[in-house]
Amino acid sequence: MGSYAFARRRTAEAVVRSPEASELVLAIVKPIGILNQMVLDRSPRLDLVFHALAHPARRAIIRQLTLGERNLSELAAPLKMTFPAATKHVRMLEGAKLVRRRVSGRQQLCRLNALPLKEAMLWTEQFRQYWEARFEVLDSLLDEMKAEEQAGARRP
Amino acid sequence: MNPKTIAAKDLQISTPTDTTIVLTRTFDAPPRLMWQAMFTPDKMTRWMLPPPGWTLTSCECDPRVGGALALAWKSAEEDPAMTLRGVFTEVVLHERIVHTETMALGSGQVIGSLVEVHEFAERGSATTMRITQTYASKEARDGALASGMDQGMEACYQQLDTVLAQAL
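Residue numbers (my numbering), protein chains in the order written: chain C, -6 to 149; chain R, 14 to 181.
Hints are not guaranteed to be accurate.
Taking lysine-lysine pairs in the DSS-like style, the calculated list, with each CA pair at most 27 Å apart, reads [to be verified]:
#1 K111(C) to K87(R)
#2 K22(R) to K81(C)
#3 K90(C) to K139(C)
#4 K151(R) to K139(C)
#5 K90(C) to K73(C)
#6 K87(R) to K81(C)
#7 K111(C) to K139(C)
#8 K90(C) to K22(R)
DEER-style ranges, computed between Cβ atoms [as the list claims (entries may be wrong)]:
#9 N106(C) to V100(R): 21 to 27 Å
#10 N106(C) to T53(R): 43 to 49 Å
#11 R104(C) to D75(R): 19 to 25 Å
#12 S27(R) to S133(C): 38 to 44 Å
#13 V78(R) to L108(C): 25 to 31 Å
These aren't lab readings, by the way, just hints derived from the structure by calculation. Every residue gets a Cβ at the ideal spot worked out from N, C-alpha and C, and that includes glycine.
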């Protein structure tokens, strides 16, 4: 991963100033793009969101919250873990700004903040479009292959 | 198109761990034809659209244990501009296949490696394909997810503005 480590040590500005490095980064960043120079400077805030989404329990919490505000017990109930363990996940989601908590009487009510999710989704949008385009062509190819097979089967 | 057809063609992308990306998609074809389309070079070149401005110049694929996977692309400036080299490590015909791959620039400089698993589940006359990519690090995985963002942050923030305007 030599080129990646090299590119990582530079800021975007420094890379542009150096012709060799700029060429290297451009070559890396070209559409297949495993690496992307914007990612190298990406905010730690988005890192928190991706990390928050990486755990199935936290995804389950988010899914519940898309249905509306929930208190901590409601969020913890389906999770098959201790209450403190569940609240730890909620706190991590709060740290990523995905969940906001408010007190109402004796309840702690949690609400989903979708903005970080939208931002995270934008980062993956190009990746999605790249694969969707290819799979659409694959759909057509498969139709063709099926038709060829059927035509072949009909011949005596 | 009825809703059921639309749902089946939905590409699902998830990141179940810090280093993986999982793609799931259903196709109207049996596993046997999916396998052919995915691992026969003359079929692969039909649907593996290269990035804009790039051309796929060679494609080898031997989907057997120890078999090689090799692709190369050229751009207007360079030939090859990028190469992919890999080997198949596990094969269950029409069901599951695992390979490792390494991407490198034309100069030979390695960009990254990953392990990829393709799984095919028969669903009547259709097949659900699941691709699991495991990257060497969280950073490499995040970089792959964010690939294509080289238009710059400006374009991203414009998109974000549009999304927010619709939400309000």
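Against which earlier hints does the structure fall short, listed by number upward? Numbers 1, 2, 3, 4, 6, 7, 8, 9, 11, 12, 13 - these are the hints that the structure violates, sorted from lowest upward.
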